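Participant: The task is simple: from the sequences and hints, build the whole structure.
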Amino acid sequence: MAGGGKMPRPPLGVSTLALLATLIALFSLIPLGYVVYMTVVTGWDTVVELVIRPRVGELLLNTVLLILVTVPMCLVLGVGGAWLVERTNLRGHRWWALALAAPLAIPAFVNSYGWASAVPSLAGLGAGTLIATLSYFPLVYIPVAATLGRLDPAIEQSAASLGLGPWTVFFRVILPQLRIAMAGGSLLVALHLLSEYGAFAMIRFDTFTTAIMVQFQSAFSGAAGNMLASVLVLMCMVLLLAEAKVRGNARYSRVGFGAQGLATRLRLSWYQLPAQLALLALIVLSVGVPLYSVARWTIAGGAEIWEPDEFFPALFQSLGYGLGGALVTCVVAFPMAFIAVRHPNWFSRLLELSNYVTSSMPGIVVGLAFVTVAIRLVPGIYQSSYVLLAAYVLLFLPRALVNLRAGLSQAPIELEEAARSLGKSPARAFFRVTLRLTAPAAAGGAALVFLAVVNELTATLLLAPNGTRTLATAFWAKSSEIDYAGAAPYALLMILISIPMTYLLFQQSKKAAGQ
Amino acid sequence: MTIPVPKAHKIHGLMPSVKFLRTSNLVKSFGSKDVLKGVDLALSEGGTTAIVGPSGSGKTTLLRLIAGFENPDSGTIELNNRMVAGDAWIPAHKREIGYVAQDGALFPHLSVAQNVAFGLGPAWKIAGRKANARRVAELLDMVSLESDMGERRPHEISGGQQQRVALARALARKPKLMLLDEPFSALDAGLRVATRKAVADVLHAAEITTILVTHDQGEALSFADQVAVMRGGTLAQTGTPFAVYTRPADLDTAEFLGDAVMLDAQLQGSLATCSLGGIPVRHAMIQGAVRLMLRPEQIRIVADGNIKGTVVDTVFFGPETTVRIRLAPVPSIAGGGEIITIRHWNAAMARPGMELRLRVVGEGVVFPAE
Chain Z
1 MAGGGKMPRP
11 PLGVSTLALL
21 ATLIALFSLI
31 PLGYVVYMTV
41 VTGWDTVVEL
51 VIRPRVGELL
61 LNTVLLILVT
71 VPMCLVLGVG
81 GAWLVERTNL
91 RGHRWWALAL
101 AAPLAIPAFV
111 NSYGWASAVP
121 SLAGLGAGTL
131 IATLSYFPLV
141 YIPVAATLGR
151 LDPAIEQSAA
161 SLGLGPWTVF
171 FRVILPQLRI
181 AMAGGSLLVA
191 LHLLSEYGAF
201 AMIRFDTFTT
211 AIMVQFQSAF
221 SGAAGNMLAS
231 VLVLMCMVLL
241 LAEAKVRGNA
251 RYSRVGFGAQ
261 GLATRLRLSW
271 YQLPAQLALL
281 ALIVLSVGVP
291 LYSVARWTIA
301 GGAEIWEPDE
311 FFPALFQSLG
321 YGLGGALVTC
331 VVAFPMAFIA
341 VRHPNWFSRL
351 LELSNYVTSS
361 MPGIVVGLAF
371 VTVAIRLVPG
381 IYQSSYVLLA
391 AYVLLFLPRA
401 LVNLRAGLSQ
411 APIELEEAAR
421 SLGKSPARAF
431 FRVTLRLTAP
441 AAAGGAALVF
451 LAVVNELTAT
461 LLLAPNGTRT
471 LATAFWAKSS
481 EIDYAGAAPY
491 ALLMILISIP
501 MTYLLFQQSK
511 KAAGQ
Chain D
1 MTIPVPKAHK
11 IHGLMPSVKF
21 LRTSNLVKSF
31 GSKDVLKGVD
41 LALSEGGTTA
51 IVGPSGSGKT
61 TLLRLIAGFE
71 NPDSGTIELN
81 NRMVAGDAWI
91 PAHKREIGYV
101 AQDGALFPHL
111 SVAQNVAFGL
121 GPAWKIAGRK
131 ANARRVAELL
141 DMVSLESDMG
151 ERRPHEISGG
161 QQQRVALARA
171 LARKPKLMLL
181 DEPFSALDAG
191 LRVATRKAVA
201 DVLHAAEITT
211 ILVTHDQGEA
221 LSFADQVAVM
231 RGGTLAQTGT
241 PFAVYTRPAD
251 LDTAEFLGDA
261 VMLDAQLQGS
271 LATCSLGGIP
281 VRHAMIQGAV
291 RLMLRPEQIR
301 IVADGNIKGT
311 VVDTVFFGPE
321 TTVRIRLAPV
331 PSIAGGGEII
341 TIRHWNAAMA
351 RPGMELRLRV
361 VGEGVVFPAE
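Keeping their order, the protein sequence lines are chains Z and D. Reminder that position 196 of the first sequence reads as 196 in the working numbering, one-by-one numbering, no gaps. Reminder that position 184 of the second sequence reads as 184 in the working numbering, one-by-one numbering, no gaps.
It is worth saying that the hints were derived from the structure and are not from the lab. Treat the hints loosely; a few may be bogus.
[Stated by the list, open to error] Here are the simulated DSS-like cross-link-like pairs (lysine-lysine), alpha carbons at most 25 Å apart as the crow flies:
1. 125/D x 94/D
2. 94/D x 424/Z
3. 33/D x 19/D
4. 125/D x 174/D
5. 130/D x 424/Z
6. 130/D x 174/D
7. 176/D x 94/D
8. 174/D x 19/D
9. 19/D x 94/D
10. 424/Z x 125/D
11. 197/D x 174/D
12. 424/Z x 176/D
13. 125/D x 176/D
14. 94/D x 174/D
15. 424/Z x 174/D
[Stated by the list, open to error] Across the chosen pairs, the derived CB separations fall in these ranges:
16. 152/D x 273/Z: 44 to 50 Å
17. 189/D x 428/Z: 35 to 41 Å
18. 465/Z x 132/D: 52 to 58 Å
19. 54/D x 427/Z: 53 to 59 Å
20. 138/D x 428/Z: 21 to 27 Å
21. 29/D x 431/Z: 47 to 53 Å
22. 427/Z x 206/D: 29 to 35 Å
Keep in mind the model is a prediction, meaning the values are calculated, not measured. Glycine included, every Cβ here is placed at the ideal spot set by N, Cα and C.
Facilitator: If you want it as structure tokens, here you go:
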């Protein structure tokens with residue numbers, strides 16, 4: 001550019017932001033880098049020796065079977081539930097719409113605790129599939145329901161006018177349009193299955209994650225555990241690629257203008273009662289059982305399980321980490337969101353891709369990577385709360401990022417320009433318009449991160465400084481000692497804190513779908 | 001449509017005077033795309049200029065350079081004898097230029113009144129809440145909005161009202177220059193005309209120099225006292241609406257600004273001979289074979305005359321009818337047979353197959369033959 005200093009500065013130091021975003025992206029690649037580095041350092045022969053053995057085969061079979069059974073079940077329950085709620089004259093469909101999202105308010109390891117304490121004989125693949133399905137089907141239900149609500153009914157009506165019956169319309173017109181939501185939901189379920197520790201450890205069902213934890217507890221960051229982590233990360237990558245493949249380049253959006261008509265709801269008539277009973281059974285199993293167990297143990301435990309000396313420190317620790325994590329995550333996510341919205345190009349897409357990969361990393365891998373990197377490179381910060389906070393940032397960055405992106409796109413550059421033409425300097429225009437308009441979305445993102453941190457178990461177990469006890473780790477310690485009554489207050493509190501998160505996610509999905 | 005007549009009170013736009021805004025050889029490209037390729041635009045104080053051109057011609061970029069949202073790659077912009085871009089740089093917020101965007105760009109988190117008050121300077125902060133409220137009411141009144149509208153949020157008012165609020169907001173700072181970036185294009189037809197008239201009246205009453213960017217030639221011709229036709233990153237022609245419409249500088253401009261009847265003609269001196277007879281031409285720079293341009297409204301259906309044509313077909317529009325006419329052969333010039341399209345108010349006078357007599361009023365414009 002000619003003229004040098006006379007020219008205006010690029011808006012809000014884009015280059016500074018780009019630098020920051022790059023640093024964050026590099027930082028977020030630490031877990032992946034760790035896994036790759038460890039695999040290379042271990043040497044090919046040892047890798048083969050550690051990976052090609054019956055134990056790994058067993059874990060692989062367990063994990064693959066878990067995914068192959070749970071994901072289709074979640075799809076059936078999620079899509080079926082969403083269709084009943086959004087497209088039929090199901091009685092009380094508004095209430096059911098919320099009820100079907102409710103299982104998300106119960107952390108999977110609390111759900112597992114509820115089932116294990118109610119049916120002590122539960123163990124193995126069957127139990128793992130049951131609990132995982134009940135915990136994770138809302139991850140399919142929520143996006144599918146949101147998409148169903150947004151689909152233009154005119155398309156279905158055209159199909160009907162072309163002579164297609166309701167079932168044919170569902171399979172040939174509706175289902176294909178749900179492909180992106182179903183693929184996205186399935187990916188989330190599968191990634192949760194790979195990274196879940198507590199729920200499966202509770203019922204003695206071995207997956208890669210539980211096996212890595214056992215290795216870590218016995219051999220710290222040994223080669224065997226590291227190689228298990230490598231296989232786990234490889235599986236994550238396979239899932240990411242599979243989802244990208246299924247999703248393809250398809251974009252299903254509404255063509256045309258004007259107000260969208262209301263969908264006609266299919267009359268259930270004789271199916272009304274069976275549908276109600278099926279949904280009721282689903283809610284009883286997924287929410288009723290864990291709530292019943294928590295309530296039972298709370299009552300059975302009486303007053304003595306509320307030990308204020310243990311209970312309040314755990315609550316405050318959780319709140320502290322939650323608030324800190326939320327704040328830092330939002331601050332860190334801002335440059336990335338800003339660049340993605342305001343300056344979309346190959347660079348911003350690369351940043352997003354790196355973030356996407358990191359977000360798929362199981363908590364145990366992030367934990368393992370941070371433990372090792374901290375000990376080897378900066379021993380001073382090992383066992384400090386900074387490392388744990390950094391892990392939280394990596395794990396939950398996408399939640400803040402999605403919100404901030406949505407918020408920033410509500411604040412188009414034109415508004416900032418309008419403010420500048422009204423005599424506000426670029427910085428003031430940014431603060432008074434863009435930042436102000438992004439604030440609600442940022443608050444929503446911060447709330448989601450806060451609640452995720454409060455319910456995080458795996459990375460917290462690995463990274464928490466000595467003596468730190470959060471609600472999740474305290475609950476875990478108690479229930480691992482089969483002190484089910486002692487664990488109940490912590491479970492209760494985590495569920496209570498999770499209810500707003502679930503409601504927020506539900507609302508957000510509706511809003512993202514333009515309702 | 002009738003031939004536009006120059007409006008007496010707007011003629012000062014033609015007078016040589018010290019130019020209020022002057023851009024010299026403005027060049028701007030985005031990546032490999034050259035958007036502006038040397039634009040020289042000058043306007044005098046108090047005038048209204050419309051920059052009109054097809055989409056992608058660079059007109060919005062020109063406006064954004066003037067506003068200070070972008071900086072030119074080369075060239076200069078002088079505003080009120082002060083260099084604002086090129087050899088110096090004055091940022092947008094110090095240029096005292098009002099700007100109304102295509103969709104109004106109202107702040108969604110502020111009420112209508114807060115939007116209007118957004119740009120009020122520090123002096124108004126001291127003046128107190130009452131004075132501010134009075135000023136906001138005054139501004140809303142200027143754009144014919146009730147002051148109780150102030151409590152509402154931008155999404156609660158109509159598109160036309162949003163544009164008026166955006167104008168009131170821009171007027172609050174008493175700008176020396178007002179830039180309007182297609183502010184009426186998002187409105188539907190009826191509202192567009194009414195809002196345009198209202199905005200033009202307000203700006204005229206406040207004597208604010210105005211630039212309107214539009215792709216609608218009717219809007220440009222009716223709104224402004226100077227029209228700059230933009231094409232492919234340069235200004236193809238600048239002049240009064242009457243001048244650019246009746247004497248377009250080139251074929252593209254002629255066709256962009258309105259319907260045109262094009263005929264082959266032989267030009268001798270200042271008389272062009274074609275299937276419609278001899279047409280007087282002003283400023284004929286060339287001789288011999290030319291393309292002659294007439295506006296459809298110059299061709300009238302008359303009771304008698306020696307130019308004949310047969311109606312091919314008609315399209316009825318209500319107040320007027322579009323008539324396609326095949327001109328009768330003219331053996332003397334080996335011409336005729338062309339089909340021309342004109343408009344007529346009386347559908348009954350032109351039915352397919354009827355033979356009509358035609359007469360041309362006014363002068364034609366000639367361009368080099370292809």
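Participant: Please go over all the hints and tell whether each is borne out by the structure.
Facilitator: Hints, verified against the model:
1. Among the hinted pairs, residue 125/D with residue 94/D is consistent with the structure: their alpha-carbon atoms are about 19 Å apart, no more than 25 Å.
2. Between residue 94/D and residue 424/Z, the direct Cα distance comes to roughly 8 Å. Compliance with the 25 Å bound is thereby established for this hinted pair.
3. With a CA separation close to 30 Å, the supplied pair residue 33/D and residue 19/D exceeds the 25 Å bound.
4. Taken as a hint, the residue 125/D and residue 174/D pair is honoured in the structure, with Cα atoms around 16 Å apart against an allowance of 25 Å.
5. This hinted pair checks out: residue 130/D and residue 424/Z have alpha carbons roughly 23 Å apart, not beyond 25 Å.
6. A hinted pair counts as satisfied when its Cα atoms are at most 25 Å apart, and residue 130/D with residue 174/D qualifies at roughly 20 Å.
7. For the given pair, residue 176/D sits about 12 Å from residue 94/D by alpha-carbon distance, which is consistent with the 25 Å threshold.
8. Distance check on the hinted pair: residue 174/D and residue 19/D sit about 20 Å apart at the alpha-carbon level, within 25 Å; holds.
9. With a CA separation close to 20 Å, the supplied pair residue 19/D and residue 94/D stays within the 25 Å bound.
10. Our distance criterion of 25 Å between C-alpha atoms is met by residue 424/Z and residue 125/D, whose separation comes to about 14 Å.
11. A hinted pair counts as satisfied when its Cα atoms are at most 25 Å apart, and residue 197/D with residue 174/D qualifies at roughly 20 Å.
12. As the CA atoms of residue 424/Z and residue 176/D are separated by approximately 17 Å, the hinted pair is consistent with the 25 Å bound.
13. At most 25 Å may separate the alpha-carbon atoms for a hinted pair to count; residue 125/D and residue 176/D meet this at roughly 22 Å.
14. Under the criterion of a C-alpha separation no larger than 25 Å, the hint pairing residue 94/D with residue 174/D is consistent with the structure, at around 13 Å.
15. Annotation: proposed proximity of residue 424/Z to residue 174/D holds, straight-line Cα distance about 15 Å (limit 25 Å).
16. Judged by the Cβ atoms, the range 44 to 50 Å given for residue 152/D and residue 273/Z holds: they are separated by roughly 48 Å.
17. The given range of 35 to 41 Å is respected by residue 189/D and residue 428/Z, whose C-beta atoms sit roughly 39 Å from each other.
18. Taking the beta carbon of each, residue 465/Z and residue 132/D are about 54 Å apart, inside 52 to 58 Å as hinted.
19. Checked against the given bound of 53 to 59 Å, the beta carbons of residue 54/D and residue 427/Z, roughly 37 Å apart, lie outside it.
20. Taking the beta carbon of each, residue 138/D and residue 428/Z are about 25 Å apart, inside 21 to 27 Å as hinted.
21. Between residue 29/D and residue 431/Z the CB atoms are about 32 Å apart, so this pair departs from the stated range of 47 to 53 Å.
22. As the Cβ distance of residue 427/Z to residue 206/D is approximately 30 Å, the hint placing it in 29 to 35 Å holds.
The earlier numbered hints that this structure contradicts are 3, 19 and 21.
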